[in-house]
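S.K.: Top line first, the protein sequences correspond to chains A and B.
Residues in the first sequence are numbered consecutively from 458, following my numbering.
Residues in the second sequence are numbered consecutively from 458, following my numbering.
Worth flagging that the hints you see were computed from the coordinates, not collected in a lab.
What you are looking at is a predicted structure, and each value in this text was computed from that prediction instead of being measured.
Glycine is no exception: its CB is placed at the ideal position from the N, C-alpha and C atoms.
Certain hints may be false.
Stated by the list, open to error - Sample of chain A residues lacking proximity to chain B, with all beta carbon distances greater than 10 Å (derived):
1) Asp471
2) Asp498
3) Pro518
4) Gly520
5) His557
6) Thr563
7) Leu601
8) Asp626
What the hints assert, rightly or not - With the C-beta cut set under 7 Å, the calculated list includes, among others, these residues of chain B facing chain A:
9) Thr462
10) Pro518
11) Ser522
12) Tyr541
13) His557
14) Thr559
15) Pro648
Number of protein chains: 2
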Amino acid sequence: MQAETSTGVLNPIDALAPIAREHGALTIVDAVSSFGGQPLDVGGWAIDACYSCTQKCLGAPSGLSPVVFSSRALERRVKCRSFYFDLQLLDDFWLKRKYHHTMSSTLVYALYEALAIVEEEGLESRWARHERNHHALVTGLAELGLSMLPPHGERLWTLNAVRVPDGIDEAAVRRHLLDEYNIEIGAGLGPLTGKIWRVGLMGASSSPRLVLLLLEALKSALSPARAGPYVRA
Amino acid sequence: MQAETSTGVLNPIDALAPIAREHGALTIVDAVSSFGGQPLDVGGWAIDACYSCTQKCLGAPSGLSPVVFSSRALERRVKCRSFYFDLQLLDDFWLKRKYHHTMSSTLVYALYEALAIVEEEGLESRWARHERNHHALVTGLAELGLSMLPPHGERLWTLNAVRVPDGIDEAAVRRHLLDEYNIEIGAGLGPLTGKIWRVGLMGASSSPRLVLLLLEALKSALSPARAGPYVRA
């Protein structure tokens with residue numbers, strides 16, 4: 458998993474995948490929350506299978522899943538027991554126009570437009586934008602006394618895991634952001650429940666305007682004069 | 458299959474499904490090309506599993522598949538080996554909001570709107586409209602000397618299988634309709650290749666305006682004076 462969204466950690470696929478290949482192993486990379494927002498080089502990093510989504514850093518509607526395989530992965534193909542994900546049938550559908558399913562033309566057109574927008578911005582500029590807005594957020598959070606869960610250098614630009622300060626009712630803060638500012642941020646999962654907030658800055662939502670709005674909204678929620686219910690007694 | 462679109466035949470599910478139930482068999486009905494355009498009574502006809510699509514007689518975009526099961530079918534549920542179609546996981550997703558997949562909200566909103574339009578028209582009025590336009594087409598075709606493949610009483614209202622007259626280059630006629638009138642009709646499949654045209658009148662396309670347009674377009678294509686290439690030497 459390149460973007461580990463439960464912790465906000467960027468896994469170094471560029472370092473890990475070539476090690477797997479050296480040992481003859483195939484790799485499969487989940488790039489769901491990174492594709493379009495963090496550098497990803499499927500060929501250069503020796504990734505054998507990679508999949509993502511359309512609704513996060515690409516900014517298209519949800520409903521489709523880009524997927525790609527290396528020739529090494531394709532050579533080791535086994536008979537598929539699922540009609541839905543039979544690569545041979547999907548291959549015939551896309552390349553030879555043999556009927557497999559009725560695709561959602563609406564979603565394909567939307568993805569096409571989203572990819573055109575990515576092209577207009579330029580992929581490297583898009584990565585740089587995600588990086589810039591991540592740093593702007595981290596800097597602003599530090600001014601509010603808030604720190605990040607992952608150490609410097611291991612942080613995702615697309616999903617920002619922020620430590621909840623002691624004595625704060627984190628669910629009340631999230632509710633306040635949603636009710637007052639129409640901003641939804643995520644809660645911590647599993648062992649991190651109640652301990653972090655998870656702030657997505659993906660695709661169009663990775664913008665200075667939204668970073669500033671979130672920082673102001675958090676400031677208002679955490680201000681002792683106004684926070685009332687959010688600071689636990 | 459309720460609507461057998463390769464032949465234009467309506468299968469009498471209301472008669473067949475109860476026979477299956479009498480013998481203790483479960484039934485699964487494909488209502489892909491009938492749901493919303495032909496009467497369908499899943500409960501009343503003792504159907505155990507039924508699925509359809511959104512892009513035909515419901516008139517929504519493609520990409521979703523309505524599916525329903527009887528309690529008898531659910532009692533005989535077996536462990537599912539597909540994550541994609543694991544009914545228990547889908548059940549938990551829809552009813553308990555446990556994560557299974559990211560659904561396409563775009564398509565769900567579109568389906569919701571399409572269903573509102575069905576409600577406004579009324580389901581029985583919608584069926585009656587499909588029936589009426591089917592009969593208008595059959596009558597108009599007869600005036601052009603064209604006849605239907607299925608016998609009277611076994612014909613779908615949603616997919617009309619029309620016999621190609623002898624000596625007509627049916628592919629040239631279809632190309633003419635598409636090029637000149639932006640009307641796409643289907644070709645025959647398998648043993649019916651070259652022998653029938655398949656005319657869909659589903660959802661919004663089941664309209665008097667489109668029936669008349671098709672009849673005029675066919676008339677022009679088949680007219681000896683103008684047909685030139687369409688009548689084989």
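S.K.: Confirm or reject: A/Thr563 is not an interface residue toward chain B, with every Cβ-Cβ distance exceeding 10 Å.
M.R.: 4 Å, violated
S.K.: Does B/Thr462 hold up as a contact with chain A if the rule is Cβ-Cβ below 7 Å?
M.R.: Violated - the Cβ of B/Thr462 stays beyond 7 Å from chain A, reaching only about 12 Å at its closest.
S.K.: Does the claim that A/Leu601 lies outside the interface with chain B hold up, using a Cβ gap greater than 10 Å?
M.R.: Given a closest Cβ separation of 30 Å, the condition holds.
S.K.: Just checking, A/Asp626 versus chain B, shortest CB gap more than 10 Å?
M.R.: Given that every Cβ of chain B is farther than 10 Å from that of A/Asp626, nearest at about 23 Å, it holds.
S.K.: With a cut-off of 7 Å, does the beta carbon of B/His557 approach a beta carbon of chain A closely enough for the hint to hold?
M.R.: This hint is violated: B/His557 lies away from chain A, its Cβ roughly 13 Å from the closest one there, beyond 7 Å.
S.K.: Does the interface hint hold: is B/Ser522 within less than 7 Å of chain A, judged Cβ to Cβ?
M.R.: Constraint on B/Ser522 not satisfied, violated at 9 Å.
S.K.: Is the nearest Cβ of chain B still more than 10 Å from the Cβ of A/Gly520?
M.R.: It is violated; A/Gly520 is separated from chain B by about 3 Å at its closest Cβ, not greater than 10 Å.
S.K.: Over 10 Å to the closest beta carbon of chain B is the bar; see if A/Asp498 clears it.
M.R.: 25 Å, holds
S.K.: Minimum C-beta separation from A/Pro518 to chain B exceeding 10 Å: can you confirm that?
M.R.: Per Cβ check, A/Pro518 is inside 10 Å of chain B; nearest 4 Å; violated.
S.K.: Holds or violated: is there a CB of chain A closer than 7 Å to the CB of B/Tyr541?
M.R.: Since chain A brings a Cβ to about 5 Å from B/Tyr541, closer than 7 Å, the hint holds.
S.K.: For A/His557, is the shortest CB-to-CB distance to chain B above 10 Å, so the non-interface label stands?
M.R.: Non-interface label stands for A/His557: nearest chain B Cβ at 13 Å, farther than 10 Å.
S.K.: Next item in the hint list is B/Thr559. Is there a CB on chain A closer than 7 Å to its CB?
M.R.: 5 Å, holds
Going through the hint list in order, the structure does not satisfy hints 3, 4, 6, 9, 11, 13 and 15.
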